[in-house]
Amino acid sequence: MNGNISRIEELKRSVPVASVLQCRLLRVVLENKRTALDLFEEGREGLVNGVGDRLGPWLMRAVRNRSMVGHLYTIHNPPSRNDVRNGRTYGEAVGRVASNTMGTKYTISERSDANKWQDVCVVTYDINFMGKQGPRKMTAIIRAVDEHGCVVEPLQPPSLVRHKQPNAHIVGLESKCPRWNSETGSFGLEFFNRVLMSSVKNFQLVSPHDVDYVVVQFGKVADDVFTMDARFPMTPIMAFGIAVSSMDHKLACP
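Numbering-wise (our numbering), the sequence shown opens with residue 75 and increments by one.
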């Protein structure tokens, strides 16, 4: 971790060019029976079997909150010693993920220096009742970053409406189409040994202009254990928020 910037600012900066942030996501049940999603950096040994692997630093925890419309997850720093002494299971909030009722649209926001929420990513899932239209299809619109890895500006509704038009402050991503494997009788993607189990939650996001450059990928390695890998121009909060959206229950797609 860079000692010259705060922890929150580091989570809001993009992964450096030519680097890969490899993480492990664990689904856990808290003492109050609420489900949380914990994100850790990958350990030195890397992926062994998913269960019992040694992990690196704890980065963030996402906790689902009650919401009258759709689902709302708050992304927190891990709990400090003071938080634990006071009975809290998470630290200060750094982001959030909000969905619509059907679970087809998710807005990911960061907490700004002025303690305001700024939208940085919108994820959309195609409607696919009962999975009859094949694998999940998703798109993500993320806020662009500058040469220092800092986000350029918050997403604004007019920009999102016109996201298919050229916009220097917007980056459009889409899920990579899996190929049918006749040997296994299922659709599949090449995860380069980072994913061990098939799941509807597995995905890779790529630019439509370069489908070989995977910006973020997510996949299952064991029960309640997943890997998440991110590359430039994705920030840790954006990538984690997208992974949370994939984990969430959806009414309109499997």
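None of these hints come from the bench; they were simulated from the model. Backbone N, C-alpha and C define an ideal beta-carbon position, used for all residues, glycine too. Careful: at least some of the hints might be erroneous.
Stated by the list, open to error - Straight-line alpha carbon distances no greater than 27 Å define the calculated DSS-like cross-link-like pairs of lysine-lysine that follow:
hint : residue 1 : residue 2
1    : Lys179    : Lys211
2    : Lys190    : Lys211
3    : Lys324    : Lys275
4    : Lys324    : Lys250
5    : Lys107    : Lys211
To be verified - Simulated DEER-style distance windows between Cβ atoms:
hint : residue 1 : residue 2 : range
6    : Thr109    : Cys251    : 24 to 32 Å
7    : Arg101    : Asn267    : 20 to 28 Å
8    : Lys179    : Arg101    : 33 to 41 Å
9    : Glu119    : Cys251    : 39 to 47 Å
10   : Met271    : His323    : 17 to 25 Å
11   : Cys224    : Arg101    : 28 to 36 Å
12   : Phe203    : Cys224    : 14 to 22 Å
13   : Ser80     : Trp254    : 17 to 25 Å
14   : Gly262    : Arg155    : 41 to 49 Å
Hints and how they fare:
{"no.": "1", "hint": "Lys179 with Lys211", "result": "12 Å, holds"}
{"no.": "2", "hint": "Lys190 with Lys211", "result": "31 Å, violated"}
{"no.": "3", "hint": "Lys324 with Lys275", "result": "11 Å, holds"}
{"no.": "4", "hint": "Lys324 with Lys250", "result": "20 Å, holds"}
{"no.": "5", "hint": "Lys107 with Lys211", "result": "31 Å, violated"}
{"no.": "6", "hint": "Thr109 with Cys251: 24 to 32 Å", "result": "31 Å, holds"}
{"no.": "7", "hint": "Arg101 with Asn267: 20 to 28 Å", "result": "22 Å, holds"}
{"no.": "8", "hint": "Lys179 with Arg101: 33 to 41 Å", "result": "23 Å, violated"}
{"no.": "9", "hint": "Glu119 with Cys251: 39 to 47 Å", "result": "32 Å, violated"}
{"no.": "10", "hint": "Met271 with His323: 17 to 25 Å", "result": "19 Å, holds"}
{"no.": "11", "hint": "Cys224 with Arg101: 28 to 36 Å", "result": "31 Å, holds"}
{"no.": "12", "hint": "Phe203 with Cys224: 14 to 22 Å", "result": "40 Å, violated"}
{"no.": "13", "hint": "Ser80 with Trp254: 17 to 25 Å", "result": "47 Å, violated"}
{"no.": "14", "hint": "Gly262 with Arg155: 41 to 49 Å", "result": "44 Å, holds"}
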